[in-house]
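Build the complex from these two chains, which are given one at a time in their own frames, with help from the hints.
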Amino acid sequence: AQSVTQPDIHITVSEGASLELRCNYSYGATPYLFWYVQSPGQGLQLLLKYFSGDTLVQGIKGFEAEFKRSQSSFNLRKPSVHWSDAAEYFCAVSNSGYALNFGKGTSLLVTP
Amino acid sequence: GAGVSQSPSNKVTEKGKDVELRCDPISGHTALYWYRQSLGQGLEFLIYFQGNSAPDKSGLPSDRFSAERTGGSVSTLTIQRTQQEDSAVYLCASSRGLARTGGELFFGEGSRLTVL
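Chains Z and A supply the protein sequences, listed in that same order.
First residue of the first sequence? That's 1 in the numbering used here, and the numbers climb one at a time after it.
First residue of the second sequence? That's 1 in the numbering used here, and the numbers climb one at a time after it.
With the rest of the complex left out, here is chain A (with noise of 0.2 Å):
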């Protein structure tokens, strides 16, 4: 496609359940990226995959987080057991290149996760 697209866009759900956050990257980033922005807090880096190689895994807050990315492409972020701090904006982005070493990074709009 012609950019980042993440859905669902907006996500309310009950304290305890699971969700399922969706990123189709541009095509031909082997980069992916999730982050995490809550209200104040700027932009929390979360996940990171490259290509076949084993994910960044270190900004996750906790073991409810997880996230998979299948054959190089479209990833997807779990949260187990949701909690209301989990309540943020959810941003994806791919980029060709590394971020480290000045690849742009393209963003989606992010999914609007509300844990009531």
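Okay, chain Z solo, but in the shape it has when bound (with noise of 0.2 Å):
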């Protein structure tokens, strides 16, 4: 069955430094995977998703995500962090019925 591990629990970065969430992903074959966001008191949003053709995926608030079939990662990145992209996120990727597979997720803390 398909999985998705998120390597890291928390994570602390200083405002304007860069960032990268990991997520690895098993699955057989190319998967589709996507990345969310979950701010304090809100719903989950998409940031970016990742189907098939350029590896190198671009989604909102200046958020990428690099799809690496030989490593089975698709790990997102932000090249300077604002204090507003403290949050929770979330890689998922779609199974075999009908229905996402979350990691359990990533806290980014950002300090001043």
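These aren't lab readings, by the way, just hints derived from the structure by calculation.
From a predicted model like this one, the values you see are computed outputs, not experimental measurements.
By construction, the Cβ of each residue, glycine as well, lies at the ideal position given by its N, Cα and C atoms.
Keep in mind that a hint or two might mislead.
[Unchecked claim] Pairs of lysine-lysine, BS3-like flavour, derived with a Cα cap of 30 Å:
#, chain 1, residue 1, chain 2, residue 2
1, Z, K104, A, K11
2, Z, K68, Z, K104
3, A, K57, A, K17
4, A, K57, Z, K49
5, Z, K61, Z, K49
6, Z, K104, Z, K49
7, A, K15, A, K57
8, A, K57, A, K11
9, Z, K61, Z, K104
10, Z, K104, A, K57
11, A, K11, Z, K49
12, Z, K68, Z, K49
[Unchecked claim] Restraint ranges, calculated between C-beta atoms of paired labels, are given here:
#, chain 1, residue 1, chain 2, residue 2, range
13, Z, P112, A, G71, 20 to 28 Å
14, A, E104, Z, Q71, 21 to 29 Å
15, A, V12, Z, Q42, 16 to 24 Å
16, A, S27, Z, K61, 41 to 49 Å
17, A, G40, Z, Q42, 13 to 21 Å
18, A, T78, Z, T55, 37 to 45 Å
19, Z, T12, A, D63, 37 to 45 Å
20, A, G28, Z, F51, 18 to 26 Å
21, A, S66, Z, S70, 28 to 36 Å
22, Z, S70, A, T114, 26 to 34 Å
23, Z, E64, A, R81, 42 to 50 Å
24, A, G40, Z, F51, 24 to 32 Å
Structure representation (structure tokens):
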């Protein structure tokens, strides 16, 4: 079955620093991959998604992610973090049914 | 409406009581999902509805959990004889297409359930 692993439970970065959140998936074929963000008191919002083609995908809020088949990874990046980026980030993969399988999330703290 | 609406936003109940959680999806979205978010556990898939097809109930954790979707729109998640381990945030999402083919899921803000 498809699964998603987010190795980092918590990450702390300074405002203005670069960010990389890790995501590894387990899937037999090329998966559909997603990153969602959950800000405090808000619902989950889609940041970006990968289906096929160019392995570097751009999303909203200045985020990007790179699909690396050889490493079974889909890491999320941002060159310069803003305080408003503090949130919970979830990686997800489509499963053979109808829903998305989500990782357990990475909590991002941004320090001044 | 503009987004997925869920009610109540917060529910505190006593162990053994039944609860109903409501989800009003985005108009025109044929797919509707329920997820459960427990502390440190990510999002756990519960059930999926697509149009008039039979729902995918494979994620429901026990027979105390059930859900229905009336008229292809509003959905109700019912938990009977609640237990303390049912305490979680229950999230509803809807999409125009299937998640497995890339349909974007739009989430509500969730219903936080606390079982005392």
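Can you give the numbers of the hints that this structure goes against, from lowest to highest?
11, 13, 16, 21, 22
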